[in-house]
Structures are given as C-alpha cells and as structure tokens.
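S.K.: Sequence:
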Amino acid sequence: MTKRFLILLAIVSIALAGCGLAAADTQATVIAQVNATVAAMPPEQVPVTVPVIMTQEVPVQVPVTVVVQVTVPVPAAPTNPPAAAPTTAPVTSNVGPDPLAGANVTPIIDERFDFPNKYYWWLFGPEVSSSGEGMIEDEVYVMISHQTENYEWTFDGKKLTNFYVSAETVMPDGQCKIGDHWGLIFRYKDNANFYMFGVSCDGTYTLMKRQDGIFETVLQPTLSPAIKKLGQTNVIGVRAVSNQLSFYANDRFLITVADNTFSEGLIGMYVRALLTPDLTVHFDDITAYIVNQ
Numbered sequence: 001m002t003k004r005f006l007i008l009l010a011i012v013s014i015a016l017a018g019c020g021l022a023a024a025d026t027q028a029t030v031i032a033q034v035n036a037t038v039a040a041m042p043p044e045q046v047p048v049t050v051p052v053i054m055t056q057e058v059p060v061q062v063p064v065t066v067v068v069q070v071t072v073p074v075p076a077a078p079t080n081p082p083a084a085a086p087t088t089a090p091v092t093s094n095v096g097p098d099p100l101a102g103a104n105v106t107p108i109i110d111e112r113f114d115f116p117n118k119y120y121w122w123l124f125g126p127e128v129s130s131s132g133e134g135m136i137e138d139e140v141y142v143m144i145s146h147q148t149e150n151y152e153w154t155f156d157g158k159k160l161t162n163f164y165v166s167a168e169t170v171m172p173d174g175q176c177k178i179g180d181h182w183g184l185i186f187r188y189k190d191n192a193n194f195y196m197f198g199v200s201c202d203g204t205y206t207l208m209k210r211q212d213g214i215f216e217t218v219l220q221p222t223l224s225p226a227i228k229k230l231g232q233t234n235v236i237g238v239r240a241v242s243n244q245l246s247f248y249a250n251d252r253f254l255i256t257v258a259d260n261t262f263s264e265g266l267i268g269m270y271v272r273a274l275l276t277p278d279l280t281v282h283f284d285d286i287t288a289y290i291v292n293q
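Residues 1 to 293 in the numbering used here are what the sequence shown lists, from first letter to last.
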C-alpha cells in the first residue's frame, strides 16, 4: 500500500505542475489530497510478530545439606572419692556359754561401794570436768552427763584378760530418750582404746569400741525383752574370753561376738547422753571373776 500511495502522489504532483501551479500551491494541494485519501481508506490490519517469553515451573529436586549443631553432654571423668574404711559384720552366736564357766570361785572385784573407793574408781566433779560428774554417794556410784552428745566414764585399777563382770544399773529419775545408753567398759587400754557394752531405756543393747580415739558401733542397738525399761534395775554382764565376747542382761544370754581388737585392760562404767542433759545413772554391785581357759 505504501508504494502505491507514493506513486499516486508523484502522478498528482506532475499533473498539477503541468497545469501551471506554483510549487507551494502544488504541495498544499497534494497534502490536502493525501489527507483526504488517507481518511477515506479503511483501516488495515498489519500483522506484527512479538516475541513472547513463557515461563513454566518445572519441579527440580535439588539435594540440600543441612548442618545442625548438636551438643551432647559428656559426663565428666569420675573422680575417685576416698575409700570408706571397710566394715566387717561381726561374727555372732545366739548360743552362749554359762557366764561363770571356768571362772574362779572367788571374785577378783566385789564392789558394793560401802567402803571409800576400795578399787580406786576414778572420781571427778566440776573442778575436773564441766561436762559431767562421777562420785560415790549412798553406797552407789553416781555418774552424770551434764551435756548432750557426750560420754562420761570411769574405770578401776585392775587389768584383766579373760573374765566375767556384771553390774547393777538404774536410772533413778527415769529421764531418758532414744539414743541415750549406759553400761560397762572393758579391756580399757587408755582413753582412746576400749570396748563399751550398754543398754538403753527403750529396751535395746549395743556394743561399741573406741579405737585410736574413733568410736565404732560393733552391734547396732538391738531390742531384747530381757532388758527392763524406764526406772527399773538392769543387771548387765560381759564375759570376755580370748576373742569371744558374750553379753547378758538380767541373767539372760543376749549374744556372742567375735572380736580381737583388744585382748586385755581395765574395766569400768560409762554414760552416753545423746539427747538428755544431766542424764544420771547409778551403778552398784560390780563383780568380776577371772575365767580360766
């Protein structure tokens, strides 16, 4: 169409020039004719090619590595605590010997406290100890622990190896709590080394020893119907022959324990006040016999 339009325009121009028209007039005439011609022409569709870029979602599997920091608690290397001192359960027997089997007829100690300190028991009072007292009054040995969590004891001057010893004990006021106990010391070497056998107001008995100044419970408190409770007299006894330690209460056998820590020593009495201040115990009729093996 463009070529035809230009050819037509040239023909018109030549014709007008041949008619003697001026150039300016010719141009104006041509423009007017062209405009009229263009206006009369129907619109023409011109094909246009437009490039179209199409985007399509295509699933793609992409391997992804995820790094996650994980903290795993690692137990610290164990530290070895100091090993506890090994404890060995004592060898015991419930079948006991006659306490006087093999004993001499005549006792080596026969204490009624009716003669001033016949066997040289250690006596102590406020001028010696603020924690307790030990004295002979009204023909009994009176021992008092003024303080709680405290031991008081006394001993005589005779060293024994194999023997049987017994004593009457009573709490005159009946003031006692669980954990308080009292009884006999035997094979006493010094204040840091000896055995202790005692009873308590709750009807139990126990065996302890003090070795190199350290108390150790050999027999845990054990309930026995042979032991009388608050305010009543208990006659307690110890038979020590070699390493066989046998214990009695009110003429009844309790138990035998095998222990060879101490082989000889003095005998005595003690009071242990755990919870009761001014715990008071009376001791009387202490008798000891030599036992021949």
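Calculated directly from the structure, the hints in this document are not laboratory data. None of the values given here were measured: they were computed from a predicted structure. Incorrect hints may appear among the rest.
[To be verified] Straight-line Cα separation of at most 27 Å, DSS-like style, residue types lysine-lysine; simulated pairs:
| id | residue 1 | residue 2 |
| --- | --- | --- |
| 1 | K177 | K118 |
| 2 | K118 | K159 |
| 3 | K177 | K228 |
| 4 | K209 | K228 |
| 5 | K229 | K118 |
| 6 | K229 | K158 |
| 7 | K159 | K209 |
| 8 | K209 | K177 |
| 9 | K209 | K229 |
| 10 | K209 | K189 |
| 11 | K189 | K228 |
| 12 | K158 | K177 |
[Claimed, not checked] Across the chosen pairs, the derived CB separations fall in these ranges:
| id | residue 1 | residue 2 | range |
| --- | --- | --- | --- |
| 13 | K228 | D98 | 29 to 35 Å |
| 14 | E127 | A258 | 20 to 26 Å |
| 15 | R112 | K228 | 31 to 37 Å |
| 16 | N260 | F124 | 20 to 26 Å |
| 17 | N292 | E127 | 19 to 25 Å |
| 18 | T148 | P116 | 16 to 22 Å |
The C-beta atom is built at its ideal place from N, Cα and C for all residues, glycine as well.
S.K.: If a hint holds in the structure, say so; if it doesn't, say that too.
M.R.: Hint-by-hint comparison with the structure:
no.	hint	verdict
1	K177 x K118	violated (33 Å)
2	K118 x K159	holds (15 Å)
3	K177 x K228	holds (15 Å)
4	K209 x K228	holds (24 Å)
5	K229 x K118	violated (31 Å)
6	K229 x K158	violated (31 Å)
7	K159 x K209	holds (17 Å)
8	K209 x K177	holds (22 Å)
9	K209 x K229	holds (24 Å)
10	K209 x K189	holds (11 Å)
11	K189 x K228	violated (30 Å)
12	K158 x K177	violated (33 Å)
13	K228 x D98: 29 to 35 Å	violated (22 Å)
14	E127 x A258: 20 to 26 Å	violated (42 Å)
15	R112 x K228: 31 to 37 Å	violated (21 Å)
16	N260 x F124: 20 to 26 Å	violated (31 Å)
17	N292 x E127: 19 to 25 Å	violated (42 Å)
18	T148 x P116: 16 to 22 Å	violated (32 Å)
Checked against the numbered hints given earlier, the structure breaks hints 1, 5, 6, 11, 12, 13, 14, 15, 16, 17 and 18 and satisfies all the rest.
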